[in-house]
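Assemble chain Z onto chain V, guided by the hints.
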Amino acid sequence: MIHFADITRIFQMGDQSVYALNKISLDIAAGEYVSIMGPSGSGKSTLLNIIGLLDQPDSGCYELDGKNVTDLTEDEQAQTRRDKIGFVFQSFHLVPRLTAAENIEMPLILGEIPPEERKSRVAEALQAFDLQSRAQHRPAELSGGQRQRVAIARATILRPKAILADEPTGNLDHSIGAEVMMLLETLCKTGTTLIVVTHDRELSARAKRHIGMRDGKIVADTS
Amino acid sequence: MTLNDTLLLSLRAVTSYRVRSLLIILAMALGVAAVVMLTALGDGARRYVINQFSSIGTNLIAVMPGRAETSGAFLGATMGRTPRDLTLKDAQLIGRLPQVKRYAPLNVGVAELSAEKRLRDVTVLGSTADLIPIRHMNLAQGSFLAHDSEHSAQIVLGAKLALEFFPAGNAIGQRIRLDENRFLVTGVLASQGESMGYNTDEIVIIPIDYAQSLFNTTSLFRILIEARSHSDIESAKTAIHDTLKQSHDGEEDVTIITQDAVLDTFDRILHALTLAVAGIAAISLAVAGILIMNVMLVAISQRTPEIGLLKAIGANAADIRHLFFAEALWLSLAGTVIGFLLGQFGSLLLRLAYPQLPAWAPAWAILAGITVALITGILASLLPSSRAARLDPVKALGKK
Numbered sequence: 000m001i002h003f004a005d006i007t008r009i010f011q012m013g014d015q016s017v018y019a020l021n022k023i024s025l026d027i028a029a030g031e032y033v034s035i036m037g038p039s040g041s042g043k044s045t046l047l048n049i050i051g052l053l054d055q056p057d058s059g060c061y062e063l064d065g066k067n068v069t070d071l072t073e074d075e076q077a078q079t080r081r082d083k084i085g086f087v088f089q090s091f092h093l094v095p096r097l098t099a100a101e102n103i104e105m106p107l108i109l110g111e112i113p114p115e116e117r118k119s120r121v122a123e124a125l126q127a128f129d130l131q132s133r134a135q136h137r138p139a140e141l142s143g144g145q146r147q148r149v150a151i152a153r154a155t156i157l158r159p160k161a162i163l164a165d166e167p168t169g170n171l172d173h174s175i176g177a178e179v180m181m182l183l184e185t186l187c188k189t190g191t192t193l194i195v196v197t198h199d200r201e202l203s204a205r206a207k208r209h210i211g212m213r214d215g216k217i218v219a220d221t222s
Numbered sequence: 000m001t002l003n004d005t006l007l008l009s010l011r012a013v014t015s016y017r018v019r020s021l022l023i024i025l026a027m028a029l030g031v032a033a034v035v036m037l038t039a040l041g042d043g044a045r046r047y048v049i050n051q052f053s054s055i056g057t058n059l060i061a062v063m064p065g066r067a068e069t070s071g072a073f074l075g076a077t078m079g080r081t082p083r084d085l086t087l088k089d090a091q092l093i094g095r096l097p098q099v100k101r102y103a104p105l106n107v108g109v110a111e112l113s114a115e116k117r118l119r120d121v122t123v124l125g126s127t128a129d130l131i132p133i134r135h136m137n138l139a140q141g142s143f144l145a146h147d148s149e150h151s152a153q154i155v156l157g158a159k160l161a162l163e164f165f166p167a168g169n170a171i172g173q174r175i176r177l178d179e180n181r182f183l184v185t186g187v188l189a190s191q192g193e194s195m196g197y198n199t200d201e202i203v204i205i206p207i208d209y210a211q212s213l214f215n216t217t218s219l220f221r222i223l224i225e226a227r228s229h230s231d232i233e234s235a236k237t238a239i240h241d242t243l244k245q246s247h248d249g250e251e252d253v254t255i256i257t258q259d260a261v262l263d264t265f266d267r268i269l270h271a272l273t274l275a276v277a278g279i280a281a282i283s284l285a286v287a288g289i290l291i292m293n294v295m296l297v298a299i300s301q302r303t304p305e306i307g308l309l310k311a312i313g314a315n316a317a318d319i320r321h322l323f324f325a326e327a328l329w330l331s332l333a334g335t336v337i338g339f340l341l342g343q344f345g346s347l348l349l350r351l352a353y354p355q356l357p358a359w360a361p362a363w364a365i366l367a368g369i370t371v372a373l374i375t376g377i378l379a380s381l382l383p384s385s386r387a388a389r390l391d392p393v394k395a396l397g398k399k
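Going down the list, the protein sequences come from chains V and Z. Going left to right, the first sequence walks through residues 0 to 222 as numbering that gives the first Met the number 0 numbers them. Going left to right, the second sequence walks through residues 0 to 399 as numbering that gives the first Met the number 0 numbers them.
Just chain V, same shape as in the assembly:
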């Protein structure tokens, strides 16, 4: 599913070159549940961004779903993100002026799916994430857990191959965080690859495979 070969990402900090990722090679199979742990600046977010095609490696080769995606044009990258990847962020990143239903609908709009089909798929998603009663509420009127559920509904509405979650419970209470994780894990069980970046050990422990990172390198990879 995800194949990294010698992926390197360098950031210029003043006159210094910092290796955010240093010749990373990694394989993640479809349906895997992977956690990535490491201290701040270890490169775990950069790794997630490159997997999600938000960022491009400076060298190396990345194959997603059997296809080399290293040299895609920006528009092709956008399309791949839309169809194969779902992002879940620590700070939810909902559009504040749109309702919960409209936020969930956004990827369908970008995918130019006809309005009638959009309506029924959004309704399904609202039901699946127990948000029917909140459909017409704006993000500011929702609790943290509800917001993250909306974000997950949005991330999964186009049935992506992989869900990339960056500290998905970082802004949530412990119990609500656990609920959100259970939602994500349920999705994983139906065949979606789930990659969670965190520095919460307890959260990391829930995953089947644990990748540890330090200074742009993978220092541990246990199942």
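I should point out that these hints are in silico values taken from the structure, not numbers from a laboratory. Values in this document were obtained by computation on a predicted structure and should not be read as measured data. Worth double-checking, as some hints may not be accurate.
As a list, the in silico DSS-like pairs of lysine-lysine whose alpha-carbon atoms are at most 30 Å apart [what the hints assert, rightly or not]:
| id | chain 1 | residue 1 | chain 2 | residue 2 |
| --- | --- | --- | --- | --- |
| 1 | Z | K398 | V | K160 |
| 2 | Z | K244 | Z | K88 |
| 3 | V | K160 | Z | K394 |
| 4 | V | K118 | V | K207 |
| 5 | Z | K394 | V | K216 |
| 6 | V | K188 | V | K160 |
| 7 | V | K22 | Z | K236 |
| 8 | Z | K394 | V | K22 |
| 9 | Z | K398 | V | K216 |
| 10 | V | K66 | Z | K394 |
| 11 | V | K66 | V | K160 |
Only chain Z this time, still in chain V's reference frame:
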């Protein structure tokens, strides 16, 4: 993203940031309204002047004694001579020219009008029957000095004078005195109000012979001539000039003014004035355009995380560019439409306040105002929207 969704989503953004949108629409609207109203004012003034000129007659030529010289001394003056008078004989000579449809010699003076116990000073015009059609005057009652009746003591009263002297409305057939002479009232002018400087409601008209003896002069104030057609004006002017030169022993001592020439000058001046105010108003449109650019740039920096998110869930650069472009387009479109309505409303108020002023914005000005507004709006949104499209998604998402 489909065009329909782009338009709906950007409209959503416009309506969500209400204060911001209202202010920017107001700025644009005021610019467009300024163009519409100021050109309405300018063009209204132009048409007002043209109307005034046509109200005094069409294809008019006026001959007045004396030569208007703007340079050098008048030849006659240096030789100790005054210009020759313009006489009734001159007027009759002009009347025989083929290009002349009709003519009216004119004398003007002031005399004391009295009847029974009423008495006042009035402006007296001495002329012939043709004055009425030449000057586009109308009679309310009676008849004007009948043709070939220049020798009978008839008088025509202005509307206001008739009412003052004969409140019962029975002016026709009454006797009235002008200084020491008795006149028979044969007509009353229709009320016309102010026209080119003097009020026709407060004048009296008597036959030219009586006027000349009343004011003890043989010289005419001027001769009004109506040419047969618009195309005859120039040749009529030349013919009049030649005729009078011959009759005045070769001296060129009259001034001939055509209504057309004066009208043309006013038309040009006022048209230029309209263009100038339109230009000034257009500057406010440019300012509104820069405001739109500013507001859109601020919107983009405020909504950077949102742009990052859109990119993360699969929006490409074109989607983002179109969204912000459409948003700016909505703003300038709304501003333009509201400004147009505001301008038309303002012009309507102007017309209500000054009924004589036909304050209609000319079509070219409305078209130019709207076009300039939309083009500025579009140009102003190009830079912000392409900047939004170029944002790096990782950095955009990371921005708080």
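Hints and how they fare:
| no. | hint | result |
| --- | --- | --- |
| 1 | Z/K398 x V/K160 | holds, 27 Å |
| 2 | Z/K244 x Z/K88 | holds, 13 Å |
| 3 | V/K160 x Z/K394 | holds, 25 Å |
| 4 | V/K118 x V/K207 | violated, 36 Å |
| 5 | Z/K394 x V/K216 | holds, 22 Å |
| 6 | V/K188 x V/K160 | holds, 12 Å |
| 7 | V/K22 x Z/K236 | violated, 99 Å |
| 8 | Z/K394 x V/K22 | holds, 23 Å |
| 9 | Z/K398 x V/K216 | holds, 26 Å |
| 10 | V/K66 x Z/K394 | holds, 26 Å |
| 11 | V/K66 x V/K160 | holds, 13 Å |
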